[in-house]
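S.K.: Here's the letter readout for the chains.
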Amino acid sequence: MTKFHVCAAADLPSGEAKRIESEPAVSVFHVGGEYFALADLCTHGDASMADGYIEDDCTVECPLHAARFCLRTGKALSQPAYIDLATYPVSIEDGEIYVTVESAA
Amino acid sequence: MDDDQIRSLVDSRNGTVKPAIYSDAQLYELELERVFGRTWLFLAHESQIPKPGDFFNTFMGEDPVLVVRQKDGSVQVMMNQCRHRGMKLCHADSGNTKAFTCPYHGWAYQVDGALQSVPLEKEAYRGKLDKSKWGLIKAPRVESYKGLIFANWDESAPDLVTYLGDMAWYLDGFLDRREGGTEVVGGVHKWMIDCNWKFAAEQFCSDQYHAPYTHASAIQVLAPTPQNKPDGSPLGDGQTERPAWANGLGGVQFAGKGHGSAFFFTENADANVWVGGEVSAYFRETYPEAEARLGKVRALRLAGHNTMFPTLSWLNGTQTLRVWHPRGPGRIEVWVFCIADKAAPPEVKEALKKSHARAFGPAGFLEQDDSENWIEVQKVLRGHKARQTDFCMQMGLGFEERREDGIPGITNGTFAETAARGFYQRWVDLMTGKSWNEIEAAGAAWEQEVIDA
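Respectively, the protein sequence lines represent chains A and B. Mapping the first sequence onto the working numbering, position 50 (from 1) lands on 51, and the numbers just tick up by one. Mapping the second sequence onto the working numbering, position 222 (from 1) lands on 298, and the numbers just tick up by one.
Simulated from the structure, these hints should not be mistaken for lab results. Just so it is clear, CB atoms sit at the ideal spot from N, CA and C, and this is done for glycine as well. Hints are all accurate, no fakes.
Taking CB as the label site, the calculated pair distances span: (1) B:197 to A:74: 22 to 32 Å; (2) B:163 to A:92: 41 to 51 Å; (3) A:85 to B:219: 46 to 56 Å; (4) B:364 to A:59: 55 to 65 Å; (5) A:16 to B:198: 30 to 40 Å; (6) A:5 to B:421: 46 to 56 Å; (7) A:79 to B:513: 51 to 61 Å; (8) A:84 to B:163: 18 to 28 Å; (9) A:3 to B:421: 51 to 61 Å.
SDA-like cross-link-like pairs, simulated, lysine to any residue; straight-line CA separation at most 25 Å: (10) A:19 to B:174; (11) B:425 to B:294; (12) A:76 to A:51; (13) B:214 to B:133; (14) B:174 to A:26; (15) B:174 to A:59; (16) A:76 to B:197; (17) B:207 to A:67; (18) B:147 to A:49; (19) A:76 to A:93; (20) B:510 to B:80; (21) B:510 to B:103; (22) B:127 to A:54; (23) A:76 to B:194; (24) A:76 to B:195; (25) B:174 to A:47; (26) B:209 to A:42; (27) B:147 to A:20; (28) B:198 to A:80; (29) A:19 to B:128; (30) B:174 to A:69; (31) B:209 to B:162; (32) B:207 to A:49; (33) B:209 to B:135; (34) A:76 to B:182; (35) B:174 to A:81; (36) B:174 to A:49; (37) B:198 to A:62; (38) A:19 to B:191; (39) B:147 to B:171; (40) B:174 to A:36.
Work out the full structure, taking the sequences as your base and the hints as a guide.
M.R.: Here it is in structure tokens:
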């Protein structure tokens, strides 16, 4: 278990995401005051979900092949993805965002 | 068709052309390679793709290309064609993207054209596909000139400024009136006309002659009047009543390297009679700045026509800029942009947009007149006998000169076909020339011969 500092909450506006170079890479998303952390690599292809299109219904769409995932649960919501994205706990401490990643190694 | 046969179609020394150049399918195929495959082609205005990932979807001849702003601010031009089965990658007119994904099998490319992701790469290609070899095909030459982005497939072509030659002087008068340059206002109007691309390009290059008669009714309807508009400044408010050609002050036609331009001298900073009052007032108010930047002749020039060979045309004053994308020997796709000084106030840009659409939009008064002529000529050329008939292109033949007042290039009076003869001479030189050195030398020889005659 490793706890990563992401950035100051003020530096991640709603509708944006930030990728953490953990192993595996994780991305933290901000939607309307809520923060979510998911595995960054799309389960369908070689795409960074941090580059995806974040929608108001708390989903993210892969920038390459339009697979959609739920930001709350990581669930794969549409073709061509079948496999869910892993989710990770996020915390805000003194205005700073942290994510805890269970290393695969 | 061999080179001698192609040369026999155009006699620029005696002012004749054979209409096969407008109708022959075999010549058209050669044009795609020898004209559109090696000239500088206008693609987009810088203002249309300001941010990284912004793209504009257009064509070089018949080849679909994407003009894409890169992360480092540079612009790259790449074929809009997937390397797997050739599917058109991107179908949006313009926009912003993180990647271009093919709708067919899903090959996905980065905005710099590199192949990023191939679906089922491990299972289907067994890890054997070298993705670094399958990026999008890029135009090797991309250059901007005062906001206009051009590309060229030919690595041996002269640079853009050399290619423009004296035409740059005339283009500057359109793009450089005010500090900050220009931008495109509004969207891009696109429509089809059933005519050969050379009818449209040549008319904007060389033909002032059609205007007083072809456009007689439009000019009548759009004449300045204080009554016809209750809100805002009436059409043509404060402008000289007569069109420029009726003022008797003379004018100039320019020809060089296949490009052409013409305008009339005037004493007033007027656009033509067909712009809104807000626009004509703007031109009068900003005249001192334009004069300081361009000198009197070009600052006063707010009318007249221009073509940069082969297919970029524009009109000063109504601020229309258009590309005649070829679509076979008998059809063009017209793409029209309205160009404004970036520094113009928003209400002037709005008025200009309306003035532009009124005169040269798809239903524009003057646009309709022109299209009708080109379509009817093309229809006549379906006839066997019609295609054997020489066309007369002798207007002003032998009256060419080089001026001593700073207006550059080979010139003639406004009503002349010097620029048309230069346009078709450049066309022949490109269609038969083996190298750019040969093409440039042939063009220079023609210009010398014209002056010596």
